[in-house]
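Using the sequences and the accompanying hints, generate a full structural model.
2 protein chains.
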Amino acid sequence: MQIAILLFDRFTALDAVGPYETLGRLPDSETVFVAEQAGPVRTDTGNLALTADRTLADVTSPDIVVVPGGPGQTPQMENTALLDWLRAADATSTWTTSVCTGSLLLAAAGLLKGRRATSHWLALEYLKTFEVEATGERVVIDGKYVTAAGVSSGIDMGLTLLGRIAGDEHAQAVQLLTEYDPHPPYDAGSPEKAPAHLVEEFRSNSRFILR
Amino acid sequence: MQIAILLFDRFTALDAVGPYETLGRLPDSETVFVAEQAGPVRTDTGNLALTADRTLADVTSPDIVVVPGGPGQTPQMENTALLDWLRAADATSTWTTSVCTGSLLLAAAGLLKGRRATSHWLALEYLKTFEVEATGERVVIDGKYVTAAGVSSGIDMGLTLLGRIAGDEHAQAVQLLTEYDPHPPYDAGSPEKAPAHLVEEFRSNSRFILR
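The listed protein sequences derive, respectively, from chains A and B.
Note that the numbering used here gives residue 46 to position 46 of the first sequence, counting from 1, and the numbers run on in steps of one.
Note that the numbering used here gives residue 92 to position 92 of the second sequence, counting from 1, and the numbers run on in steps of one.
If you are wondering where the hints come from, they were derived from the structure by calculation, not from laboratory data.
These numbers come from a predicted model, not from an experiment.
Identical chains share a label here; the pair holds if one copy fits it or two copies do between them.
The calculated SDA-like cross-link candidates involving lysine to any residue, where the alpha carbons are at most 20 Å apart (straight line), are:
id, residue 1, residue 2
1, K128, R203
2, K193, E137
3, K193, H183
4, K113, N79
5, K144, D168
6, K144, P185
7, K193, H170
8, K193, S204
9, K193, P182
10, K113, I141
11, K193, G163
12, K193, G167
13, K113, A88
14, K128, R115
Structural data, given as structure tokens:
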């Protein structure tokens, strides 16, 4: 089974690395990082690059597609080469997945029309404009489409899908080895839980995260 | 403030990316990825490389040092150049930190002697052999030394230290933007919670993760 994780300029690192570190531990699988051009691809902070070992042309029929998000997703929504690749990969994939604003790329490619899906909490209203039934749930499975909410939710998505494919015990083993027993020092990880003024501040500057 | 995240062959990606995505959002800071040689550094799976933009020689006095772990940590425990760099960086750092078996590298450099520290649950007994008071807690702060348990715990460590340095509100904002409201699909993230036979299996094959 081939897992293709898409990279593009100014993606968010954890969006990609969460599924890589969990779903990527699928037995008898190969994980490939893919981008328009092979080589280092810079993240949103500019301080880190992940290597795309393959070009879009190299990866024609992945079994699982993983699309991260990040501020760099916006220009990609008009990148015909990338959207064409998504549609072609999706035509033969077993699972098509996204983390954070990666679901906006799937939506821009026309793949989520009429489906339930999630995204970063700041992107849910925008997602609705693509005729998507957007929900704030952390992980949403609708048919073969698996979308995750913001950034860190890709870990939960990866484990969930790993369990579906390889069984609960394998997913539990990966959870144990990655010691994923989260104890956040604050309880501010969703707009329902965070201090209201922070939520308002980000809502009024949502371009901060979407552009 | 300069945050230096160390990379070495066969490190675990999430060990490094967890603190990068949280602590790296410290205001007025610069995060640099550093390794013996600049360029792509392969992770433990071989499927991914992160770019080290700086060599050890380029980074002489970081304010915060972050040392990830991973199977590749074992040979580094005898790498004099790397251990010398850790000792020199620590001599002037404000915070010296690790994730997973990265604490074994700090211990091998002699930096944790007599201190409380944590590590991946499979590495705690080994950590004790360096005269470290090893504990299974998820994040341990002893003076300027901040150690985290396995892999995913670096996210909790990063947010904890971010709060200490930049204040609770900034850390909460980062938690909200990374939507870190974890909902693991299983409750198997620690040896106390996981199915006992999985814990035993990994304990009897601990070289799997330590070598």
